[in-house]
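K.L.:
Since the structure of chain A is already known, use the hints to place chain B on it.
Top to bottom, those sequences are chains A and B.
Per numbering that gives the first Met the number 0: the first sequence = residues 0 to 311.
Per numbering that gives the first Met the number 0: the second sequence = residues 0 to 311.
Please keep in mind that the hints were generated in silico from the structure rather than gathered at the bench.
Please read these numbers as outputs of a predicted model, since none were measured by experiment.
Treat the hints with care, since some could be wrong.
Treat identical chains as interchangeable: a pair holds within one or across any two.
Derived DSBU-like pairs (lysine-lysine); straight-line CA-CA distance at most 35 Å [as the list claims (entries may be wrong)]:
1) Lys290 with Lys102
2) Lys86 with Lys284
3) Lys34 with Lys286
4) Lys286 with Lys2
5) Lys86 with Lys292
6) Lys119 with Lys309
7) Lys105 with Lys34
8) Lys309 with Lys284
9) Lys195 with Lys2
10) Lys286 with Lys309
11) Lys136 with Lys86
12) Lys309 with Lys202
13) Lys202 with Lys34
14) Lys286 with Lys86
15) Lys102 with Lys309
16) Lys286 with Lys102
17) Lys290 with Lys195
18) Lys309 with Lys34
19) Lys2 with Lys284
20) Lys290 with Lys2
21) Lys131 with Lys86
22) Lys309 with Lys86
23) Lys290 with Lys105
24) Lys119 with Lys202
25) Lys34 with Lys86
26) Lys86 with Lys290
27) Lys34 with Lys102
28) Lys119 with Lys102
2 protein chains.
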Amino acid sequence: MDKQTLLDTSQRISPYIHSTPIFTSQLLDEMADAKLFFKCENFQKMGAFKMRGAVNAILQLTAAQQERGVVTHSSGNFAQALALAAKNLNVPAYIVMPDNAPKVKKDAVLGYGGIITECKSTIAAREEAAAKIVAKKGATFIHPSNDLNVILGNATVGMELLNAHPDLDMIVTPVGGGGLVAGTALASHIFGTDCKVIGGEPKVADDAFRSLISGQIETNMAPNTIADGLRTNLGDINFPIIQQYVDHIICVEEAEIIQAMRLLWERLKIVVEPSSAVAFAAVLKNKAYFKDKLVGIILSGGNVDLENIKFS
Amino acid sequence: MDKQTLLDTSQRISPYIHSTPIFTSQLLDEMADAKLFFKCENFQKMGAFKMRGAVNAILQLTAAQQERGVVTHSSGNFAQALALAAKNLNVPAYIVMPDNAPKVKKDAVLGYGGIITECKSTIAAREEAAAKIVAKKGATFIHPSNDLNVILGNATVGMELLNAHPDLDMIVTPVGGGGLVAGTALASHIFGTDCKVIGGEPKVADDAFRSLISGQIETNMAPNTIADGLRTNLGDINFPIIQQYVDHIICVEEAEIIQAMRLLWERLKIVVEPSSAVAFAAVLKNKAYFKDKLVGIILSGGNVDLENIKFS
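For reference, chain A alone in the conformation it holds in the complex (with noise of 0.2 Å):
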């Protein structure tokens, strides 16, 4: 991966995506002892960094393959992103979901234009039911995380924190499928000065830290998080990145997420899902480790349900 591929991406997706705001606090910096920067992605079009991949991915698709359209399985915020980045770009987006997907996630992404397909809740299901839509419609199906092109388009979030602080000494991000965190991982390599970066990973569902260890991809077994965008495992694509640049990964329970999204909300005055608040519990663990260096941290997205949302 060269400097240019990244800038071409930064370039080619610039309007399409918000530059988002960096937020700082004293009183969160007191609390970590250390300098902290949040890369508020939660404030990105359709509240989550998934866009800035999605609309990646489908610019790199031909003429005659935007025509066709593109196909993801997804429940979550790429489902959304996929299809609101198809909208803006004029390209049919078929979504797979589970047909016990809340209906709240169906809406969402039905309001940004989005056809979906219901399946069983199963992963055999869901790649049937996509595998079914590309051979009918030659639609392009793309991955919402172990996908070269999303990696590069998720990639141009760290770009921008390391434009606007050069001299960052690591950059921690949520760990779920591993698209942000190689992404990261990828950007900190090239644009940073000896800036590592790190991931944050639920405790119950750690198949990342695990496949660090063993050299291989490990699954999680049906991980029950509150960091819902959180409970997928990493891909052949990614995982390489994420082995070669990634510094480590730290585990946080889900007490510490939930205390450290009560944070956010409260000091920042930001709304942040609970995956988001994984890398800044991850920092609070830590705190001998993060002691006085400039740490940039990646908060994913701000799609809650805020009847749901519990802090006690």
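P.N.:
Just chain B now, with coordinates in the frame of chain A:
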């Protein structure tokens, strides 16, 4: 009130406050059928615009007065604002709070270095306790909203809005004690180009609405609104300014306040307190009036008790 006085105020307080960002949202614009500019005072120091007036009031005291300290009675944001402003300016702050004030509010004042005096929860008891401190310590009493220097400090919110968007057709603010709407009206009168100032008020605490009709200061009888910052009445210093420069006041129901707050949290991804949502609720309620206009909306603060917030 002349232009120079406002410019001097802005310059005086600028080292001690944040120039807060202005957020926009395509979706909320479509919903309101207008172009909305949300001035995010929830990101202000200590989480509310009150910091501006508190800083200005203290800075207008003589060195001798500052040494003897400041006193106010408040159980809300102004208590915290005066405590923090005083701390940052090395001035003692005596805060009179009712003995039934929530512990979280007392802790916040203590956290900012305020010296708390508890009293019974009546206006008479509060005023008596404050008067005692004035007599004993020689401290200066600063009213949360009915003080010209506080009003001038508050005016800097509208000045920043109009500086960024000189062509605003109107600015809408929540109305509680009247200090914010009065300051905004002064700012608009001097820096706006035919920019109307409109107040939003909870229907169950519609004292300002009634005051503008009757021509005298009306009061609320223990109003039970979720917008707890707006339960107070106007004062003899801000009321004449409001009479002269505020166009009109729109009253909103409690359910409309909650719905507006929810939209702000969900769509802007920011934490605002119920009082902040009243101005936006007023715009959504009178859509025909605001149609196709450029509308500034002041989000006054973001200090909420996350454990007690309910959206359904």
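K.L.:
Now look at each hint and say whether the structure bears it out.
P.N.:
Do the hints match the structure? See the list:
1. Lys290 with Lys102: For Lys290 and Lys102, the Cα distance is within 35 Å only across copies (32 Å; inside one copy 43 Å).
2. Lys86 with Lys284: between (41 Å within a copy, 30 Å between copies)
3. Lys34 with Lys286: Cα proximity of Lys34 and Lys286: one copy only (12 Å, versus 44 Å across).
4. Lys286 with Lys2: Classified as within: same-chain Cα gap 32 Å, cross-chain 49 Å, threshold 35 Å.
5. Lys86 with Lys292: between (41 Å within a copy, 27 Å between copies)
6. Lys119 with Lys309: Answer is both; intra-copy 29 Å and inter-copy 33 Å each pass.
7. Lys105 with Lys34: between (39 Å within a copy, 28 Å between copies)
8. Lys309 with Lys284: both (21 Å within a copy, 30 Å between copies)
9. Lys195 with Lys2: within (18 Å within a copy, 51 Å between copies)
10. Lys286 with Lys309: both (26 Å within a copy, 34 Å between copies)
11. Lys136 with Lys86: within (17 Å within a copy, 66 Å between copies)
12. Lys309 with Lys202: Close inside one copy (20 Å) and across copies (30 Å); limit 35 Å.
13. Lys202 with Lys34: Result: close within a single copy only, 25 Å intra versus 45 Å inter.
14. Lys286 with Lys86: between (43 Å within a copy, 28 Å between copies)
15. Lys102 with Lys309: Close inside one copy (20 Å) and across copies (20 Å); limit 35 Å.
16. Lys286 with Lys102: between (40 Å within a copy, 29 Å between copies)
17. Lys290 with Lys195: within (14 Å within a copy, 50 Å between copies)
18. Lys309 with Lys34: both (29 Å within a copy, 34 Å between copies)
19. Lys2 with Lys284: Only inside one copy: Lys2 and Lys284 sit 33 Å apart there, 51 Å across copies, limit 35 Å.
20. Lys290 with Lys2: within (30 Å within a copy, 47 Å between copies)
21. Lys131 with Lys86: For Lys131 and Lys86, only the intra-copy Cα distance (22 Å) is at most 35 Å; the inter-copy one is 66 Å.
22. Lys309 with Lys86: both (34 Å within a copy, 34 Å between copies)
23. Lys290 with Lys105: between (43 Å within a copy, 31 Å between copies)
24. Lys119 with Lys202: This pair counts as within: shortest intra-copy Cα distance 28 Å, inter-copy 49 Å.
25. Lys34 with Lys86: between (39 Å within a copy, 22 Å between copies)
26. Lys86 with Lys290: Classified as between: cross-chain Cα gap 27 Å, same-chain 44 Å, threshold 35 Å.
27. Lys34 with Lys102: between (40 Å within a copy, 30 Å between copies)
28. Lys119 with Lys102: Within one copy only: 15 Å inside a chain, 49 Å across chains, cut-off 35 Å.
The structure shown violates none of the earlier numbered hints.
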